[in-house]
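Here the protein sequences come in this chain order: Z and P. Residue numbers for the first sequence follow the numbering used here, so the first one is 1 and each next one is one higher. Residue numbers for the second sequence follow the numbering used here, so the first one is 214 and each next one is one higher.
Read the hints as simulated data drawn from the structure, not as lab findings. The structure presented is a predicted model; accordingly, all values stated were derived computationally and were not measured. Just so you know, even glycine gets a beta-carbon here, dropped at the ideal spot from N, CA and C. Treat the hints loosely; a few may be bogus.
Only pairs whose alpha carbons sit at most 30 Å apart, straight line, appear in this in silico BS3-like list of lysine-lysine [what the hints assert, rightly or not]: (1) K385/P - K99/Z; (2) K472/P - K113/Z; (3) K97/Z - K385/P.
Pairwise CB distance ranges, derived in the manner of DEER restraints [claimed, not checked]: (4) P510/P - P54/Z: 40 to 46 Å; (5) V281/P - N112/Z: 54 to 60 Å; (6) D32/Z - W609/P: 53 to 59 Å.
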Amino acid sequence: MVRFFLILVLCCAFRSVASAAELRVSVTAGSDEAVGNAVISVKPLSPNLEMPEPVNAAVMAQQNTMFAPFVLAVAVGTEVTFPNMDEFRHQVYSFSKPKRFELRLYGQDTTNKIMFDKPGVVALGCNIHDNMLAFIYVSEHPVVGKTDESGDVVFSNLPPGGYEVHVWHPDELRGGDDMKMVTLRADEASDIAFSVKLRPVRRQQQPPADEGY
Amino acid sequence: MKRSNVTALALWPLLMSGGAGADDPFPSIRFDFLADARVTLADGEPSWFKDWLGKGRYGGTHWAGNDVEGLRLAEASILAKAEISWDLSGFVHAKFDHEQGKPLDLVEAYLEYKPAPRSAISYEGRLGLMFPHISRENVGMAWTSPYTITPSAINSWVGEEIRALALEGKAKYRSGAHSLSLTAALFGFNDPAGTLLAFRGWALNDYKVGAFSQLPLANLPSIGADSDFLNKQPLWVHPVNEIDGRPGYYASLDWDYAKRLKAGVFYYDNRGDPEELKRKQYGWDTRFWNFYAEAEPLRGMKLISQYMTGSTKMGRQRYRGMYPVDVDFEAVFVLLSQKFERNRVSVRYDWFATDDNTFVEEDNNNEWGHAWTVALSREFRKHDQLILEYLQLDSWRPARKTIGYAADQEQSIIQISYRLRF
Ligand SMILES: [Cu+2]
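Put together the whole structure using the sequences plus the hints.
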């Protein structure tokens, strides 16, 4: 009986550690431009795969008259906290379909929470500071991440199996890579490279104009 | 962007008509100050500001030519922004300038209603005394330009003569990175606008008129009490004034792409009655178009261009329906500015002209000219700015001959400005 349990425990340990697969995604545009802030979402083809617990809390801060981060990737059902790190007010709004709201952040340490329960892209603005701009990508897929400055993102601890891998970027044009299929094998790392098409003029969150009143 | 929030205890009973929670921070008032210390070195003809026809705020002296002025205060501005609620705010800009008609005067004072957008189309409005949004340069605090000391000819004139006591509404449509705004306003108290442009022509100077102040005109033979052409036109203009009781209007359409490409068109008509004369001022029928394009091709780089074209008419119609003053005006500039951390380099080319359609023999208001402006600036402390500017003006105006100057004038003005903010 003890031996049986030991085997069971070992099996479980083996399954959750040793058989995890790694997915490495890189996103480029044009001739080899690394694309940061691209959202990668991963959807298992089989519903039986035991996916890692989704992260259901995230933070979109208001700091130095900017949103941070510029792009936030979350799964549906995530509650996003909006802390105001500035000493002054922000009036954060979205009129995007997945979530319309207005948050009145009075000053330092005022915090509000919004639950994102529908998939889609939520563009954020601030009614007081015109320079402020950010995006929350709400994915219907359980695993989401975004690329770093060098255009890379790594998902470890995915169960082996078949997946759809999707890419999204705020300045994406049609005609580039959109989705790729991949089969992840236990203890192996797989690479996917997306080549997307981006607008020549990119949206960015400018720092506040110091000259402006 | 100083943000010292001072809760206005004095205004509390005035603005809060009950219903506010204890932790409600409204209303609050924020004060900002700007002082502009200036050193100037100028040659050429004396300034219009000293009752001549020179195009700079400063110029040579009438007798000696070159003029050097040590430290002077070009302006001191106080700005107050009262936040009354999340959607409603009040703004007041008052300016002290010892050369101003009224040393302490009001530049702008308005209420702004701007709720957060709830859909792709949002609305906002302003009510009060304001600058219509014409200038693409004067985007800094207290209507200063972050690029140069002296605005372009177009925006110099806007600062001198354009101000509206207006009810302004704006609808903005946002779609992805694009936004399109339609602004429309009804306004009054700007009937004498056009006077300077006709009798003085274009100028390049950073003087913005206060609502209660007058600006001087040169002692031309065609105007003033001794004149046999327009003896009811005094040697000054008070631009912020209602003469004919007829409201004017302006409207604009602005396009913005990712805040890096901007273009727009603006139309103004004060619907002035040229024959109306009140408080020694005529109602000038002034209308103009302003077009602009603005781009940020590289990070920290700005390319701005404006083109203005319009006309102004004044006086009792004489034979064949001709107005004593009937002048078309036109100007354009291109500005390129690059910011390197706390430093900025700006170069601007201005071209300007006026075309007098009537009575040129008696009152010649023709002119043309161009100007180069080069400015270097550096930020100090938090948002102080030290600017060194070289302005070279070259213009032709036959009316100069009537006051003892040659029609062709060349002029260089060097200015150093320290803008202190607190
Ligand atoms: Cu804000």
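Going down the list of hints, with the structure as the test:
Straight-line distance between C-alpha atoms of K385/P and K99/Z comes to about 20 Å, which keeps the hinted pair within the 30 Å bound. Of the supplied pair hints, the one linking K472/P and K113/Z holds, its CA atoms being roughly 28 Å apart against a limit of 30 Å. With a C-alpha separation of about 18 Å, the suggested pairing of K97/Z with K385/P holds against the 30 Å cut-off. Between P510/P and P54/Z, the C-beta spacing of about 42 Å keeps the proposed range 40 to 46 Å intact.
Taking the beta carbon of each, V281/P and N112/Z are about 58 Å apart, inside 54 to 60 Å as hinted. A hinted range of 53 to 59 Å for the beta carbons of D32/Z and W609/P is consistent with their spacing of about 56 Å.
In the structure shown, no violation is registered for any of the earlier numbered hints.
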